[in-house]
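**Q** Protein sequences appear in the order of chains A and B. The opening residue of the first sequence carries number 8 in this note's numbering; numbering runs sequentially from there. The opening residue of the second sequence carries number 3 in this note's numbering; numbering runs sequentially from there.
These aren't lab readings, by the way, just hints derived from the structure by calculation. We treat Cβ as the ideally placed atom computed from N, Cα and C, and that holds for glycine. Watch out, some of these pointers could steer you wrong.
[Claimed, not checked] Capping the alpha-carbon separation at 20 Å, the derived lysine to aspartate or glutamate pairs in DMTMM-like fashion look like this:
no. : chain 1 : residue 1 : chain 2 : residue 2
1   : B       : K56       : A       : E77
2   : A       : K66       : B       : D53
3   : B       : K79       : B       : E91
4   : A       : K78       : B       : E120
5   : A       : K78       : A       : E54
6   : A       : K55       : B       : E157
7   : A       : K53       : B       : D98
8   : A       : K78       : B       : E44
9   : A       : K66       : B       : E120
10  : B       : K56       : A       : E96
11  : A       : K66       : A       : E54
12  : B       : K56       : B       : E38
13  : B       : K79       : B       : E39
14  : A       : K78       : B       : E62
15  : A       : K53       : B       : E157
16  : B       : K79       : B       : E30
17  : A       : K78       : B       : D47
18  : B       : K79       : B       : D98
19  : A       : K78       : B       : D119
20  : B       : K56       : B       : D36
21  : A       : K66       : A       : E96
22  : A       : K78       : A       : E96
23  : A       : K78       : B       : D54
24  : B       : K56       : B       : E44
25  : B       : K56       : A       : E80
26  : A       : K66       : B       : D123
27  : B       : K56       : B       : E39
28  : A       : K78       : B       : E157
29  : A       : K53       : B       : D153
[What the hints assert, rightly or not] Non-contacting residues of chain A with respect to chain B, defined by C-beta distances greater than 12 Å in every case (computed):
no. : residue
30  : D33
31  : P34
32  : G50
33  : L61
34  : E75
35  : R76
[What the hints assert, rightly or not] Covered stretches of chain A, as calculated for chain B (at least 3 residues, CB under 8 Å):
no. : segment
36  : 37–45
37  : 68–74
38  : 80–86
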Amino acid sequence: MATEVREQARTRDQLGAAWQVIVHNDPVNLMSYVTMVLQRVFGYPKEKAREHMLEVHQKGRSIVWSGEREKAELYVQQLHGFLLLATLERN
Amino acid sequence: MAVPNAVIVLGQLPEHLVWMLRQIPVAEELSSPDAEERLFPEPADDAELVDDWKMHVQPELMEAFRSARQVVESDLKRMVETEGTHTLEIPLNHADDWLSSLNQLRLAIASAHQLTDEELDREEAPEAQTPRDLAVLRVHFYGYLQHVILDAMGEG
Numbered sequence: 008m009a010t011e012v013r014e015q016a017r018t019r020d021q022l023g024a025a026w027q028v029i030v031h032n033d034p035v036n037l038m039s040y041v042t043m044v045l046q047r048v049f050g051y052p053k054e055k056a057r058e059h060m061l062e063v064h065q066k067g068r069s070i071v072w073s074g075e076r077e078k079a080e081l082y083v084q085q086l087h088g089f090l091l092l093a094t095l096e097r098n
Numbered sequence: 003m004a005v006p007n008a009v010i011v012l013g014q015l016p017e018h019l020v021w022m023l024r025q026i027p028v029a030e031e032l033s034s035p036d037a038e039e040r041l042f043p044e045p046a047d048d049a050e051l052v053d054d055w056k057m058h059v060q061p062e063l064m065e066a067f068r069s070a071r072q073v074v075e076s077d078l079k080r081m082v083e084t085e086g087t088h089t090l091e092i093p094l095n096h097a098d099d100w101l102s103s104l105n106q107l108r109l110a111i112a113s114a115h116q117l118t119d120e121e122l123d124r125e126e127a128p129e130a131q132t133p134r135d136l137a138v139l140r141v142h143f144y145g146y147l148q149h150v151i152l153d154a155m156g157e158g
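Okay, chain A solo, but in the shape it has when bound (with noise of 0.2 Å):
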């Protein structure tokens, strides 16, 4: 039994950091929109939110999360909900 509960964490973690979300740049939405959003959909202090910004505008994207499919699939939809162009990617 021990060995199946640590053999369906390790899964579980594995499955967890397998997705990322990608925020990509856009040269028409706004930094100070961008950062307002990032705090809104991921509850990112302002500081953090702003970091990913630049990392946005600087390097063309940013990793804004990393997890679960289903939970990366959700934020992805709130992204394209704020119009910002995003994607998920497996790690």
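Using the hints provided, position chain B relative to the given structure of chain A.
**A** Here is chain B on its own, set in the frame of chain A:
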């Protein structure tokens, strides 16, 4: 903290700005194929997920965007004209609908007219001498309006 019943007042609006405001929920760029591609981007490089997304998520997003534009349209109908100029009041509790509608249209214009990064980054909007200049001018004006709303929300 937002003041209950607070409004953003845009006063002394001349005709050309009134025209641009009235375009927000109904502009033809909103239904261009290029705009649709940008307003409803694919969520992943995975055909099965993309098909599922188009069937289930896209209609929800479409409805949310339409609903935001309806709120903006109703606010615009309450615009008041006095001695040749107009005054528009935007209730702060409609700010999200305005931000969404302005974003929809800015993205749609940029996609439909294939505006370049340089045009979008211009410090000053151009004189509207060509349809393309007008498109750039509109993107800048709607961006300015987004800044005004974000400032009023304390997010500027």
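**Q** Give a verdict on every hint.
**A** Consistency of the hints with the structure:
no.: 1; hint: K56/B with E77/A; verdict: holds (16 Å)
no.: 2; hint: K66/A with D53/B; verdict: violated (30 Å)
no.: 3; hint: K79/B with E91/B; verdict: holds (10 Å)
no.: 4; hint: K78/A with E120/B; verdict: violated (36 Å)
no.: 5; hint: K78/A with E54/A; verdict: violated (23 Å)
no.: 6; hint: K55/A with E157/B; verdict: holds (15 Å)
no.: 7; hint: K53/A with D98/B; verdict: holds (18 Å)
no.: 8; hint: K78/A with E44/B; verdict: holds (17 Å)
no.: 9; hint: K66/A with E120/B; verdict: holds (18 Å)
no.: 10; hint: K56/B with E96/A; verdict: holds (18 Å)
no.: 11; hint: K66/A with E54/A; verdict: holds (18 Å)
no.: 12; hint: K56/B with E38/B; verdict: holds (12 Å)
no.: 13; hint: K79/B with E39/B; verdict: violated (30 Å)
no.: 14; hint: K78/A with E62/B; verdict: holds (17 Å)
no.: 15; hint: K53/A with E157/B; verdict: holds (10 Å)
no.: 16; hint: K79/B with E30/B; verdict: holds (19 Å)
no.: 17; hint: K78/A with D47/B; verdict: holds (17 Å)
no.: 18; hint: K79/B with D98/B; verdict: holds (18 Å)
no.: 19; hint: K78/A with D119/B; verdict: violated (33 Å)
no.: 20; hint: K56/B with D36/B; verdict: holds (16 Å)
no.: 21; hint: K66/A with E96/A; verdict: holds (17 Å)
no.: 22; hint: K78/A with E96/A; verdict: holds (12 Å)
no.: 23; hint: K78/A with D54/B; verdict: holds (16 Å)
no.: 24; hint: K56/B with E44/B; verdict: holds (8 Å)
no.: 25; hint: K56/B with E80/A; verdict: holds (13 Å)
no.: 26; hint: K66/A with D123/B; verdict: holds (17 Å)
no.: 27; hint: K56/B with E39/B; verdict: holds (12 Å)
no.: 28; hint: K78/A with E157/B; verdict: violated (26 Å)
no.: 29; hint: K53/A with D153/B; verdict: holds (15 Å)
no.: 30; hint: D33; verdict: violated (8 Å)
no.: 31; hint: P34; verdict: violated (5 Å)
no.: 32; hint: G50; verdict: holds (15 Å)
no.: 33; hint: L61; verdict: holds (16 Å)
no.: 34; hint: E75; verdict: holds (14 Å)
no.: 35; hint: R76; verdict: violated (9 Å)
no.: 36; hint: 37–45; verdict: holds (count 5)
no.: 37; hint: 68–74; verdict: violated (count 0)
no.: 38; hint: 80–86; verdict: holds (count 3)
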